[in-house]
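With chain Z's structure known, arrange chain V on it following the hints.
Protein chains: 2
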Amino acid sequence: MSDTFEILCLGNELLIGKIVNSNAQWLANYITKLGGKVRRITVVGDDISDIAAALRESLSRKSAFILTTGGLGPTFDDKTMDAVATALEKPLELNDDALLMVKNKYQQYEKVTKKKIELTPARLKMAQLPKDSVPIPNPVGTAPAVLSTDAASTILSLPGVPSEMKAIFEASVVPLIRRLSRTHVVYEISLRVTGIIESELAPLLDQVMREIPDVYVKSHPRAAEPIPLLELHVTTRATSEKDGKDRVEAAEKMICQLIAEHGGKTSPLKP
Amino acid sequence: MSDTFEILCLGNELLIGKIVNSNAQWLANYITKLGGKVRRITVVGDDISDIAAALRESLSRKSAFILTTGGLGPTFDDKTMDAVATALEKPLELNDDALLMVKNKYQQYEKVTKKKIELTPARLKMAQLPKDSVPIPNPVGTAPAVLSTDAASTILSLPGVPSEMKAIFEASVVPLIRRLSRTHVVYEISLRVTGIIESELAPLLDQVMREIPDVYVKSHPRAAEPIPLLELHVTTRATSEKDGKDRVEAAEKMICQLIAEHGGKTSPLKP
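Chains as they are written, first to last, in our numbering: chain Z, 50 to 320; chain V, 50 to 320.
Everything labelled a hint here was simulated from the structure, so no lab data went into it. The hints are all genuine.
The list makes no distinction among identical chains, and a pair is therefore deemed to hold if it is satisfied within one copy or across any two copies.
Calculated pairs, DSS-like style, for lysine-lysine (alpha carbon to alpha carbon, straight line, at most 30 Å):
| no. | residue 1 | residue 2 |
| --- | --- | --- |
| 1 | K314 | K165 |
| 2 | K67 | K291 |
| 3 | K111 | K82 |
| 4 | K302 | K86 |
| 5 | K319 | K215 |
| 6 | K163 | K314 |
| 7 | K215 | K67 |
| 8 | K86 | K67 |
In isolation and in its complexed conformation, chain Z is listed as follows (with noise of 0.2 Å):
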């Protein structure tokens, strides 16, 4: 269990459709790369008690790792360590590191600007925090991503923007995650497959999977039926990367020699 993960997106721009989820996509793939196992991918809006419920529910499932994007900045709808606080009933305190993080981004600004600028109530928000949680640096923008967690798992909170969300995951997130998940790779190749329909391919994986277990294969149509075209992405987590190599290249023999068996062809496919 130590190396399973939630990803929890803030932000009424995704529930509109304005933007498309790239940063789950960017994490989730970070993540799998790593080793580790995205369970469940959930966004909510801009409101405190829907994302302090979404919390809640994660929570309970005890995966090792909840990350959150969004909602850490200076403005009204920023209200995730509002959430964070709800869900792990703690009161939001100004935190001392939070608070010099903050004050030194804006003392720099003020060197490039050449302008004063006020530590306002908005701004001051940044460094207000969960009681008990800790603020990581954020190399790219202003508001500190925060660290925080209750009994079984570490809520990750990270900003939306996706700049200063990938560079804070790669200095300080991945670390972490590396210590916990260093016991698993994940293994792939990917197959193009002519001369079959997927329908006709189903028991043919199913039976390749019944066969060889921990390996799992997926097929992706690419074209309606019944043209057949289709993508095969054979996939194993193991504990060496020799193990996940004889795994599914004993998958790829077996595949290949049923769809050929079937009149189908198949060739191998650039990830």
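Here is chain V on its own, set in the frame of chain Z:
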């Protein structure tokens, strides 16, 4: 409550970040333009108990519509109907109308391919629906979409392949939504703001939203602080186009004035 929605996307490929969730964005955007309100987007993998749990949670929140994408095809990991049946506590059974749709598709494919296509168990699976559910024709692919209901919600299960999902949504789902949501329109304008940073702008936007009820103003930094470049979206939901326009234009006027008083500049932004 008759125009609230949840979107539930099913597929391991989303949880490993192989693809971005463009289906959720497309649906959320379409629903918003129709006047509906999306409250939550959830992604879970191809696991019956995970899908059924997510469905039960959605049903407990009593949104009028729950749209699912993915998991309707012939392969072993297409588990949506199983999960809907589990969540609604209904048996799965062969649906005669769905069977007719699937048979007709394969007869068409036989004409094109001049090859006999058997109705294997994998193919018949696409006609196995929860008791009392109704199939919806798929003008593009093979698997029908499915309408299921409980006391408070309508579950609409759509395929995950975007071309099939969109075709069914536009042909069959939109008329249903339009009827229930015709009392609301969404009106929005966008502004480009320079010369003022987000943390300075935040209290001004709070003031606008306090003084003009039902208007929602969201700021998006387009550069890291201290570079003062932002986009503003001013949105309202109203019972007529005119009401929406009046309200948003009053907010726009106030925003432009406040920003000018603080040394910033605004210009209209094409949506």
